[in-house]
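**Q** Chain by chain, the residues run as shown.
Protein chains: 2
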Amino acid sequence: MSFTELPLEKAFMLLEPGPVILVTTRDAKRDNIMTISWHMVLDFTPSFALRTGPWNHSYEALRKHKECVIAIPTIDLAETVVSIGDCSGVEVDKFNRFDLTPLPASVIHAPLIAECLACIECRVTDYVKKHGIFILDGIRAWIDPARKERRTFHANGDGTFVTDGRKINLRRFMKDKVPPGV
Amino acid sequence: MSFTELPLEKAFMLLEPGPVILVTTRDAKRDNIMTISWHMVLDFTPSFALRTGPWNHSYEALRKHKECVIAIPTIDLAETVVSIGDCSGVEVDKFNRFDLTPLPASVIHAPLIAECLACIECRVTDYVKKHGIFILDGIRAWIDPARKERRTFHANGDGTFVTDGRKINLRRFMKDKVPPGV
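Going line by line, the protein sequences match chains B and D. Using my numbering, the letters of the first sequence correspond one by one to residues 9 to 190. Using my numbering, the letters of the second sequence correspond one by one to residues 9 to 190.
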């Protein structure tokens, strides 16, 4: 568990496939983690959208402190990730309960998660209240190049998940849709 | 290629895993199809967010006619799906060029795609101009129960894609996070 910097123009690639992600926040009391599948890429700079609301304890910290870390878990962490989503930061110190290691981020106060494949430090630049959508700017990204397990997983919504399978290269069908630097 | 109705409360499950999707629109001239990975679930009713803008030919039809069909392709269609994303509906009749079969939807004018695993008829209920986000309400959903290939695929953003792998059941770790009806 040792992060090296990932060029920011590649950071959107972590969310583009739609995996289950973790989002860390820090407020005065303690660090918190939420599990979420409701996210999408908005552009390659990178910026992201995240759908959550007041029913989620992290919502307050996102609105107040306007920053978070997106962390990408892999399938060896699947049970932990789902369990993180099944309890609330109101009652639980999630780093402690799930034996995860908070690492200091470089720019923001919310922590990286050492056990994850990659992390993106993000600033909340807007909140679309009408639809409960947070707008995030990714400002620095980290990846663990030595990690053996690199397969992420995707929620089906019914308590089952699908793990990454075979990789296929279709770049020859994309004349001009691959952004610079990736 | 024969669709039967999918209960609407299960329709969010088609987008929850974050696959590459197709979106059909109809305007006065002809039907069009776009390929997109920038989508997320907003709630279980279901409603969805879709990020696109004026650079995409489908944008005008979405804004004007306020409806579309989300179609879920599987890995046997991967080359077609990527090629659809690599040309513009301004010049190309995509159903014709890619030998896809438009089927009439039940409520809206944009067509279903017979070759896909599933389709969701959607109304555009809002457009968040500042961030280029379309808000969609799913109003009727269809699935092909007989289709053999059911694995979807996910974009990595660099012209490679990851196919669905193994399914894991973690429902035992989710006490109350599975919505009714799924």
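Please note that a few of the clues may not be correct.
It does not matter which identical chain is used: a pair holds within one copy or between any two.
Said to hold, decoys possible - As a list, the in silico DSS-like pairs of lysine-lysine whose alpha-carbon atoms are at most 25 angstroms apart:
| no. | residue 1 | residue 2 |
| --- | --- | --- |
| 1 | Lys-183 | Lys-137 |
| 2 | Lys-37 | Lys-18 |
| 3 | Lys-175 | Lys-138 |
| 4 | Lys-183 | Lys-18 |
| 5 | Lys-137 | Lys-185 |
| 6 | Lys-175 | Lys-185 |
| 7 | Lys-175 | Lys-156 |
| 8 | Lys-183 | Lys-156 |
| 9 | Lys-138 | Lys-74 |
| 10 | Lys-138 | Lys-37 |
| 11 | Lys-18 | Lys-156 |
| 12 | Lys-185 | Lys-18 |
| 13 | Lys-18 | Lys-175 |
| 14 | Lys-74 | Lys-183 |
| 15 | Lys-185 | Lys-138 |
| 16 | Lys-156 | Lys-185 |
| 17 | Lys-72 | Lys-138 |
| 18 | Lys-74 | Lys-18 |
| 19 | Lys-74 | Lys-156 |
| 20 | Lys-137 | Lys-74 |
| 21 | Lys-156 | Lys-37 |
| 22 | Lys-37 | Lys-72 |
| 23 | Lys-37 | Lys-74 |
Bear in mind the hints are in silico, worked out from the structure with no lab data behind them.
**Q** All hints are to be evaluated individually against the structure, with a verdict given for each.
**A** Hints, one by one, checked against the model:
no.: 1; hint: Lys-183 to Lys-137; verdict: neither (38 angstroms within a copy, 29 angstroms between copies)
no.: 2; hint: Lys-37 to Lys-18; verdict: neither (33 angstroms within a copy, 38 angstroms between copies)
no.: 3; hint: Lys-175 to Lys-138; verdict: neither (38 angstroms within a copy, 35 angstroms between copies)
no.: 4; hint: Lys-183 to Lys-18; verdict: within (19 angstroms within a copy, 36 angstroms between copies)
no.: 5; hint: Lys-137 to Lys-185; verdict: between (32 angstroms within a copy, 23 angstroms between copies)
no.: 6; hint: Lys-175 to Lys-185; verdict: within (18 angstroms within a copy, 30 angstroms between copies)
no.: 7; hint: Lys-175 to Lys-156; verdict: both (16 angstroms within a copy, 20 angstroms between copies)
no.: 8; hint: Lys-183 to Lys-156; verdict: neither (32 angstroms within a copy, 31 angstroms between copies)
no.: 9; hint: Lys-138 to Lys-74; verdict: both (18 angstroms within a copy, 18 angstroms between copies)
no.: 10; hint: Lys-138 to Lys-37; verdict: neither (29 angstroms within a copy, 34 angstroms between copies)
no.: 11; hint: Lys-18 to Lys-156; verdict: within (20 angstroms within a copy, 35 angstroms between copies)
no.: 12; hint: Lys-185 to Lys-18; verdict: within (14 angstroms within a copy, 32 angstroms between copies)
no.: 13; hint: Lys-18 to Lys-175; verdict: within (18 angstroms within a copy, 28 angstroms between copies)
no.: 14; hint: Lys-74 to Lys-183; verdict: neither (38 angstroms within a copy, 30 angstroms between copies)
no.: 15; hint: Lys-185 to Lys-138; verdict: between (32 angstroms within a copy, 23 angstroms between copies)
no.: 16; hint: Lys-156 to Lys-185; verdict: neither (30 angstroms within a copy, 30 angstroms between copies)
no.: 17; hint: Lys-72 to Lys-138; verdict: both (18 angstroms within a copy, 21 angstroms between copies)
no.: 18; hint: Lys-74 to Lys-18; verdict: within (23 angstroms within a copy, 33 angstroms between copies)
no.: 19; hint: Lys-74 to Lys-156; verdict: neither (33 angstroms within a copy, 46 angstroms between copies)
no.: 20; hint: Lys-137 to Lys-74; verdict: both (14 angstroms within a copy, 22 angstroms between copies)
no.: 21; hint: Lys-156 to Lys-37; verdict: neither (34 angstroms within a copy, 52 angstroms between copies)
no.: 22; hint: Lys-37 to Lys-72; verdict: within (13 angstroms within a copy, 48 angstroms between copies)
no.: 23; hint: Lys-37 to Lys-74; verdict: within (16 angstroms within a copy, 45 angstroms between copies)
This entry does not satisfy hints 1, 2, 3, 8, 10, 14, 16, 19, 21, going by the numbered hints stated previously.
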